[in-house]
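Chain A is already provided as a structure; the job is to place chain B on it using the hints.
Number of protein chains: 2
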Amino acid sequence: MKIFESVPNFSTSDENTMELIISTMEEYGAKILDVNIDRDHNRSVVTMVSDCNNIVNILFNMTKKACELIDMDKHRGLHPRIGAVDVLPIVPMMEATMKEAIDISKTLGKMIGDNLNIPVYLYANSTDSEERKRISWIRNMHFQYEELKKHINEEKYRPDFGPQEMNKWGALILGARNTLIAYNVNIDTEDVSKVNEITKKIRSGKYIKNTKALTFHVKSGKYVQISMNINDYNNAPLYDVYEFIKEESNNYGFNISGSEIIGLLPEDAVANSLGHYLKAKIGSKNILEYNILRSLWK
Amino acid sequence: MKIFESVPNFSTSDENTMELIISTMEEYGAKILDVNIDRDHNRSVVTMVSDCNNIVNILFNMTKKACELIDMDKHRGLHPRIGAVDVLPIVPMMEATMKEAIDISKTLGKMIGDNLNIPVYLYANSTDSEERKRISWIRNMHFQYEELKKHINEEKYRPDFGPQEMNKWGALILGARNTLIAYNVNIDTEDVSKVNEITKKIRSGKYIKNTKALTFHVKSGKYVQISMNINDYNNAPLYDVYEFIKEESNNYGFNISGSEIIGLLPEDAVANSLGHYLKAKIGSKNILEYNILRSLWK
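One line per chain: the protein sequences are A and B, in this order. Residue numbers for the first sequence, in our numbering: 2 to 299. Residue numbers for the second sequence, in our numbering: 2 to 299.
Since the hints were derived computationally from the structure, they do not count as laboratory data. You may find that some hints are simply not true.
Pairs count within a copy or across copies, as identical chains cannot be separated in the list.
Restricting the straight-line Cα-Cα distance to at most 20 angstroms, the calculated cross-link-like pairs of lysine to any residue (SDA-like) are [as the list claims (entries may be wrong)]:
#  : residue 1 : residue 2
1  : K286      : V8
2  : K282      : D241
3  : K280      : G222
4  : K32       : S296
5  : K207      : N168
6  : K32       : N292
7  : K282      : G259
8  : K107      : P164
9  : K32       : K286
10 : K280      : D241
With the rest of the complex left out, here is chain A (with noise of 0.2 angstroms):
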């Protein structure tokens, strides 16, 4: 069974835009699992679920319904934005490919950037370009939709589809990726400066692959964190990430206290990582709730 998730960000905190939105989504079959709305960030972000065959019209159709109804020019909010549908991105999920999920990216941006008139631009593993792999490249603090708008005619910034222009639903940035495990580690020390030097070496990519890490002391807990998004968790499975944070924090004489996982995790990165602990072949196919969520799904 192939499954895409989708988690598409809106620049607009409007609760009857985002109904309307929403109503397009499930119109044309997608099934909605989280709708978070954020007023200072003025940004919204929908959780969404597809099969195979309906994941290209629900997108190509809700983009096209959120450029009717948001408009750039007069968007104020927190977070860094540079179109209505700011940021898209497809995930395969249970039997979908990497492969697939990229092919959908490229056949959904050339339709978007042929039909709606706007500049789409490849990210995360739908692009080949190094730089464009990251969002930061086109949309940080310090360059956003009114900074697009006066640069967009540059080389630098000639979109993968679409017209090399801006207009007031400004550009998209879609790309298939992984699932994000947001996950931290809390080390019972209060020397950040050693715990500093694991996160290094974890950011490094040398022992932990394509996952960023930062440093916090958590003066009320007395101990220190490594919070981590880690982008690609066949790469870098947990059980690796919590080992080798617990090998290198044993040789500073620290202990692990806990670690937590923020927001959701992939059922195949648990069976896998218990696996590794079991010394055992454990995959989704032998949970019970996977095994029902095959046969429900129509």
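Relative to chain A, chain B alone:
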């Protein structure tokens, strides 16, 4: 979301009969996950799920249909059996509780006993009788349909519901139980008698609760296997079983070479056990696919 799993065992391997029974189940709202028809045992096992609104109706009408179609006077097969629907376990899943599953089993038992003329024996968590908790008190290789027919008028065989007499569809064993986890741990030695000491400790219930265990010498692989049925994974979590065997094996100078899950595992068993190793609180609610299932169930 309250979901119940049921795994009815039917005394037939006739495909037409099973088709009719399964259509009846689906008609009343069952989602069928698996059907296993075994000709040698002349027995079929269906795995199904349902929500709390339909479960009683599904299982009542299923039992009615099976009793119309299966004649125990004509049944021959390797597996011991006392009725057309031989065993009917009800397993609470997701947010459903054991108490709810017990209540459902009693409501259903009374309906079946009163309306279908079937003696019903409660087992597992549905009975307070220590003797009746295990099926073997009334159904084993030496005491089956034919023997129960002769002895049912004895006080010992008074059913919990229904008449104290046998018709050609026999009697029903019904009860609420937890998901069984079938789990094997392989130990890198051929010293069967020492491994058997570990197996005995598990079986004693002193170290690991409510777990059946057997020792097998796997000569082809030159190892010894402890093969277990974990009856209550909340009180005997996977990590506990594994770590106990690991420590005991190490005391003999042996190592675990691997372990195996046979069949399906409940989501929370996997999440909780990984949480133990990562010193994290991980539950079903952290799992992406579990949340998709919740959103899809209608």
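**Request:** Would you pick out the hints that fail for this structure and give their numbers low to high?
**Result:** 5
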